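**Student:** All chains should be modelled from the sequences, with the hints used to inform the complete structure.
Here the protein sequences line up with chains A and B, keeping their order.
Counted from 1, the first sequence has number 182 at position 182 by this note's numbering; the numbering is strictly sequential.
Counted from 1, the second sequence has number 153 at position 153 by this note's numbering; the numbering is strictly sequential.
Source of the hints: derived by calculation from the structure; they are not laboratory data.
Any given hint could turn out to be false.
As the list claims (entries may be wrong) - Partial list, derived from the structure: chain A residues whose beta carbon lies under 10 angstroms from chain B:
hint, residue
1, Phe70
2, Ile72
3, Gln156
4, Arg184
5, Ala298
6, Ala299
7, Ser303
8, Tyr661
Stated by the list, open to error - With a straight-line cut-off of 30 angstroms between C-alpha atoms, the simulated DSSO-like cross-links for lysine-lysine are:
hint, chain 1, residue 1, chain 2, residue 2
9, B, Lys142, A, Lys180
10, B, Lys153, A, Lys62
11, B, Lys190, A, Lys185
12, A, Lys666, B, Lys206
13, A, Lys306, B, Lys142
14, B, Lys206, A, Lys615
15, A, Lys306, B, Lys153
16, B, Lys165, A, Lys180
17, B, Lys190, A, Lys180
18, A, Lys68, B, Lys165
19, A, Lys68, B, Lys142
20, B, Lys127, B, Lys153
21, A, Lys338, B, Lys165
As the list claims (entries may be wrong) - Per label pair, the in silico range of CB-to-CB distance:
hint, chain 1, residue 1, chain 2, residue 2, range
22, B, Tyr268, A, Ala636, 50 to 58 angstroms
23, A, Arg340, B, Arg96, 51 to 59 angstroms
24, A, Glu332, B, Met112, 22 to 30 angstroms
25, A, Asp220, B, Met235, 53 to 61 angstroms
26, B, Gly138, A, Ser363, 54 to 62 angstroms
27, A, Glu332, B, Asn202, 25 to 33 angstroms
28, A, Lys338, B, Lys153, 36 to 44 angstroms
29, B, Ser254, A, Val659, 36 to 44 angstroms
30, B, Ser254, A, Glu332, 56 to 64 angstroms
31, A, Trp73, B, Gly33, 54 to 62 angstroms
32, B, Gly58, A, Arg665, 30 to 38 angstroms
33, B, Lys127, A, Asn565, 52 to 60 angstroms
34, B, Asn110, A, Met331, 22 to 30 angstroms
On a predicted model such as this, the values are computed, not experimentally measured, just so you know.
Glycine included, C-beta positions come from ideal geometry on N, C-alpha and C.
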Amino acid sequence: MTFTQGIVKTIGDSGAWRPDRTLAGEGWRTGGHTLTTNVEPQNGLDTIPKLLARNAVEFGDKPASREKEFGIWQSWTWAEVAGETRALAMGLLALGLQKGDYVAIIGANRPALYWSMVAAQMCGAIPVPLYQDSVAEEMAYVLEHCGARFVIAEDQEQIDKVLEVQDQLPNIAQMVYLDKRGMRKYDHTAMNSYADVQAEGRAGHSRLEPLLDERMQGQDYDTTCVMLYTSGTTGRPKGVVLSNRNIIEASRSSAEFDNLNAGDSVLAYLPMAWVGDFIFSIGQCYWTGFCVACPESAATMQSDLKEIGPSYFFAPPRFFEGLLTNVMIRMEDASPTKLRLFRYFMDHAKSVGGKILDGKPVSGLDRLKYRLGEFFVYGPLKNQLGMSNVRVGYTAGEAIGPEIFDFYRSLGINLKQLYGQTEASVFITVQPDGEVRADTVGVPAPGVEIRIGDNGEVYYRSPGTFVEYYKNADSTRDTKDPEGWVATGDAGYFEDGTGHLKIIDRAKDVGKMADGSLFAPKYVENKLKFYPNVLEVVLFGANSERCVAFVNIDLTAVGNWAERNNVGYASYQELAGHPLVLDMIQGHIEEVNASLADDAMLNGCQIHRFLILHKELDPDDGEMTRTRKVRRKIVAEKFDDLIGALNDGSERVSTETEVTYEDGRKGAIRATLEIRDAKVFPRKAMAAE
Amino acid sequence: MSLDTTTDSYVTPDGRTIGGVMMEMKNITLRFGGVVAIKDISFDIREGEIRAIIGPNGAGKSSMLNVINGFYHPQEGEIWFHGKKRGPMKPHEVARQGIARTFQNIALFNGMTTLDNIMTGRLTHMKSGILAQAIWKGKAEKEESEHREAVEKIIDFLEIQAIRKTPVGRLPYGLQKRVELARALAAEPKLLLLDEPMAGMNVEEKEDMSRFILDVNDEFGTTIALIEHDMGVVMDISDRVVVMDYGKKIGDGSPDDVRKNQEVIDAYLGVAHD
Numbered sequence: 001m002t003f004t005q006g007i008v009k010t011i012g013d014s015g016a017w018r019p020d021r022t023l024a025g026e027g028w029r030t031g032g033h034t035l036t037t038n039v040e041p042q043n044g045l046d047t048i049p050k051l052l053a054r055n056a057v058e059f060g061d062k063p064a065s066r067e068k069e070f071g072i073w074q075s076w077t078w079a080e081v082a083g084e085t086r087a088l089a090m091g092l093l094a095l096g097l098q099k100g101d102y103v104a105i106i107g108a109n110r111p112a113l114y115w116s117m118v119a120a121q122m123c124g125a126i127p128v129p130l131y132q133d134s135v136a137e138e139m140a141y142v143l144e145h146c147g148a149r150f151v152i153a154e155d156q157e158q159i160d161k162v163l164e165v166q167d168q169l170p171n172i173a174q175m176v177y178l179d180k181r182g183m184r185k186y187d188h189t190a191m192n193s194y195a196d197v198q199a200e201g202r203a204g205h206s207r208l209e210p211l212l213d214e215r216m217q218g219q220d221y222d223t224t225c226v227m228l229y230t231s232g233t234t235g236r237p238k239g240v241v242l243s244n245r246n247i248i249e250a251s252r253s254s255a256e257f258d259n260l261n262a263g264d265s266v267l268a269y270l271p272m273a274w275v276g277d278f279i280f281s282i283g284q285c286y287w288t289g290f291c292v293a294c295p296e297s298a299a300t301m302q303s304d305l306k307e308i309g310p311s312y313f314f315a316p317p318r319f320f321e322g323l324l325t326n327v328m329i330r331m332e333d334a335s336p337t338k339l340r341l342f343r344y345f346m347d348h349a350k351s352v353g354g355k356i357l358d359g360k361p362v363s364g365l366d367r368l369k370y371r372l373g374e375f376f377v378y379g380p381l382k383n384q385l386g387m388s389n390v391r392v393g394y395t396a397g398e399a400i401g402p403e404i405f406d407f408y409r410s411l412g413i414n415l416k417q418l419y420g421q422t423e424a425s426v427f428i429t430v431q432p433d434g435e436v437r438a439d440t441v442g443v444p445a446p447g448v449e450i451r452i453g454d455n456g457e458v459y460y461r462s463p464g465t466f467v468e469y470y471k472n473a474d475s476t477r478d479t480k481d482p483e484g485w486v487a488t489g490d491a492g493y494f495e496d497g498t499g500h501l502k503i504i505d506r507a508k509d510v511g512k513m514a515d516g517s518l519f520a521p522k523y524v525e526n527k528l529k530f531y532p533n534v535l536e537v538v539l540f541g542a543n544s545e546r547c548v549a550f551v552n553i554d555l556t557a558v559g560n561w562a563e564r565n566n567v568g569y570a571s572y573q574e575l576a577g578h579p580l581v582l583d584m585i586q587g588h589i590e591e592v593n594a595s596l597a598d599d600a601m602l603n604g605c606q607i608h609r610f611l612i613l614h615k616e617l618d619p620d621d622g623e624m625t626r627t628r629k630v631r632r633k634i635v636a637e638k639f640d641d642l643i644g645a646l647n648d649g650s651e652r653v654s655t656e657t658e659v660t661y662e663d664g665r666k667g668a669i670r671a672t673l674e675i676r677d678a679k680v681f682p683r684k685a686m687a688a689e
Numbered sequence: 001m002s003l004d005t006t007t008d009s010y011v012t013p014d015g016r017t018i019g020g021v022m023m024e025m026k027n028i029t030l031r032f033g034g035v036v037a038i039k040d041i042s043f044d045i046r047e048g049e050i051r052a053i054i055g056p057n058g059a060g061k062s063s064m065l066n067v068i069n070g071f072y073h074p075q076e077g078e079i080w081f082h083g084k085k086r087g088p089m090k091p092h093e094v095a096r097q098g099i100a101r102t103f104q105n106i107a108l109f110n111g112m113t114t115l116d117n118i119m120t121g122r123l124t125h126m127k128s129g130i131l132a133q134a135i136w137k138g139k140a141e142k143e144e145s146e147h148r149e150a151v152e153k154i155i156d157f158l159e160i161q162a163i164r165k166t167p168v169g170r171l172p173y174g175l176q177k178r179v180e181l182a183r184a185l186a187a188e189p190k191l192l193l194l195d196e197p198m199a200g201m202n203v204e205e206k207e208d209m210s211r212f213i214l215d216v217n218d219e220f221g222t223t224i225a226l227i228e229h230d231m232g233v234v235m236d237i238s239d240r241v242v243v244m245d246y247g248k249k250i251g252d253g254s255p256d257d258v259r260k261n262q263e264v265i266d267a268y269l270g271v272a273h274d
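**Tutor:** Following this line, the structure appears as structure tokens:
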């Protein structure tokens, strides 16, 4: 019996799994739509530019975009956004943008770059946002693969990267830059500033308008809306083609699910190349007409968040962890009275806060005390965090630690989880209000059907399901079957009774150990990552006798600990190698081992030996994706000497690692690492085979 | 390219226009008692160029900047600015003429925020009186908004938005240097004097600062005279270089010319004194 059959069940069934059983989010279906991938557009609104035209009429004088510039929040109304976008689109036409061209968009979240994507769509071209922190070589691959003819970049830094690899990219015909600084001396034969392109468009509007309208008419629900590249946990990134149907349907149903409306506001700070940002900052924004604010710079995000106070907020677990760590560190410096107040009310919030948020019965006295706490602690704290107004908050991408999750919920912040993918236009499962838990990813999102495969893999089908992988028919065929079912690559199961989906791990990563017991690395890594001192863990053990692990410490948390315990250090490497730090991590690992020993299914995954890596895993070194997911295979290859030492029983190991600096130059780090044995616990009996 | 001191403008290989002579130092000699800090030095600074002054420690470079900005008054020689001979002037009068500077040892107000520090750079442009500013009424209020706008443009330009409200005393050294540059820029100078803008910085900070200096020159058309010890930086970013040693000028010309100059090589590498 394989493990999957043991744990996979579908809701409302006697327990027997049948492949044709599906679970669909019918409860949230609205507008009389049938559950099929071929829904019709509402009111003829079948493209983003048409939504823009509607918003310009319906919400004409309501703010659509905000950006902090020169220390002040600048706003544009929907009518102004429509004007700006049209001017740019006409300018792009004048530069010769053709129907079906790919337009690369590179830069940080800026209103003008969002408008660029919509302007490209108006011209019948396809926007391709890129990760702005990619090095030139990574960009070259994507630009070459999509055959981008136009590049719209934020500033000199991004233009320089494109120029660096331009000889590999014969397709590039025109470049447009937003920020003029430093650009005056560049060869402008095929390069223009954003403002100049708009001016050109405005000047030639009588000539260009008919052409633009013709281009806009020639689009429908099945025209490509955007192409987004996957972050590529394994191998090269793939171009995911998403149609207007995918984006608009996903945005519509998710907006209805959480009652998002024109009065909401969000802060756009996650990479524009990431599907979530496209759905929030364009899809849902254009569907509902809410306002998207862009921070002044990445470094000011935290204070900008506080000033904007969004009502709808999205962040990866990493963000919430970091924020909590900062709060705790700063509270340690607070005066004793404040600290006592904080502890007292936080304890109270822990016991009743979540219940109040879920609308469960709580005694009058506890409610009163919670109100008092709101006045003294929760309110000011939420204000500091920029979350006073958050009505709907989501975390996704990775598992979030239950304590972290509960901390935010106990403050009265409606933080929920969702499970999604680029290929699904984000939404696969979401947590409805009142059914929020740390250990599941929720029920199928509206319009989504889910099925669990023979091997435990999660499959889904929805109106948001992607069209294809660009120029990669093989991968498309492997991932999506003719009936439209898409393999997620994740193993999971539906929980009995509640119908909530639980994700165990990447199906590919789940394996067997030498003695036949189950090896699910992510599950163990997450348990360990929930400790604030631990930033990242990579577990190895497939097909071997014992599990061993690499650990990255969290410099903020451990650094603060070091300061309080008089541990001197000069660098990450030195702190990571400190015996007391090793002791501390060893303690965490042994606690995790103890809890694993009770888990009948996963007690083989206890960590026998570990080391703390001498460097942080980094996307620039290829060890992580740009969305900060560990590339297991690359890490295993790169540090195979360390894995060898972990397995052969040596007490220390010397190694040299190549690192890439942010400007692309390379260097090397040399280190001798101590290897520790962790205590393992007797395994409870395996479940009956 | 041979450079003469005629007033013809020319275009550099990287496309910037260098105009005629903006400032001319004629036979400057500066003495402190018996010590001769600067001895009969003549050179000019042209409109729009980046002019470097280099030399070993104690060569008289900082003294030269102090002469330019009116802090020291040379015993001999003449200073010509925009075609007019400059009489003895106080530093604040020089500043009004459009000459701003940064210092070798950072001279910021440590307890004040970045924003407030940069605002002090607008002082020469403020017209409302102390009383009006204190009660912040009428003209003063409007004026402050205008100055704030100018300052915000500089904050954006130098990418220091995140430290706008941070007291400068809490900033790392490299950022303090950048704030100092911002304050000098706030005066909207025609000529910007930088005294070792990259001293004590790591490679990355130096690269950032070099880029900012080039951008300031390019975007605002500001003429820049700088003292710097890092030869790589000097040779990379400057149009012309003056070399000083023991208060004398031993070389003047393009970075390439100066690099080949035997006297300069001797001054830097040392030569047997008999």
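**Student:** So, for every hint listed, does it hold in this structure?
**Tutor:** The hints, checked one at a time:
| no. | hint | in the structure |
| --- | --- | --- |
| 1 | Phe70 | holds (4 angstroms) |
| 2 | Ile72 | holds (8 angstroms) |
| 3 | Gln156 | holds (9 angstroms) |
| 4 | Arg184 | holds (6 angstroms) |
| 5 | Ala298 | holds (9 angstroms) |
| 6 | Ala299 | holds (4 angstroms) |
| 7 | Ser303 | holds (8 angstroms) |
| 8 | Tyr661 | holds (8 angstroms) |
| 9 | B:Lys142 - A:Lys180 | holds (29 angstroms) |
| 10 | B:Lys153 - A:Lys62 | holds (27 angstroms) |
| 11 | B:Lys190 - A:Lys185 | holds (21 angstroms) |
| 12 | A:Lys666 - B:Lys206 | holds (18 angstroms) |
| 13 | A:Lys306 - B:Lys142 | holds (28 angstroms) |
| 14 | B:Lys206 - A:Lys615 | holds (25 angstroms) |
| 15 | A:Lys306 - B:Lys153 | holds (23 angstroms) |
| 16 | B:Lys165 - A:Lys180 | holds (26 angstroms) |
| 17 | B:Lys190 - A:Lys180 | holds (21 angstroms) |
| 18 | A:Lys68 - B:Lys165 | holds (15 angstroms) |
| 19 | A:Lys68 - B:Lys142 | holds (21 angstroms) |
| 20 | B:Lys127 - B:Lys153 | holds (20 angstroms) |
| 21 | A:Lys338 - B:Lys165 | holds (25 angstroms) |
| 22 | B:Tyr268 - A:Ala636: 50 to 58 angstroms | holds (51 angstroms) |
| 23 | A:Arg340 - B:Arg96: 51 to 59 angstroms | holds (57 angstroms) |
| 24 | A:Glu332 - B:Met112: 22 to 30 angstroms | holds (28 angstroms) |
| 25 | A:Asp220 - B:Met235: 53 to 61 angstroms | holds (60 angstroms) |
| 26 | B:Gly138 - A:Ser363: 54 to 62 angstroms | holds (59 angstroms) |
| 27 | A:Glu332 - B:Asn202: 25 to 33 angstroms | holds (31 angstroms) |
| 28 | A:Lys338 - B:Lys153: 36 to 44 angstroms | holds (40 angstroms) |
| 29 | B:Ser254 - A:Val659: 36 to 44 angstroms | holds (38 angstroms) |
| 30 | B:Ser254 - A:Glu332: 56 to 64 angstroms | holds (58 angstroms) |
| 31 | A:Trp73 - B:Gly33: 54 to 62 angstroms | holds (59 angstroms) |
| 32 | B:Gly58 - A:Arg665: 30 to 38 angstroms | holds (35 angstroms) |
| 33 | B:Lys127 - A:Asn565: 52 to 60 angstroms | holds (57 angstroms) |
| 34 | B:Asn110 - A:Met331: 22 to 30 angstroms | holds (28 angstroms) |
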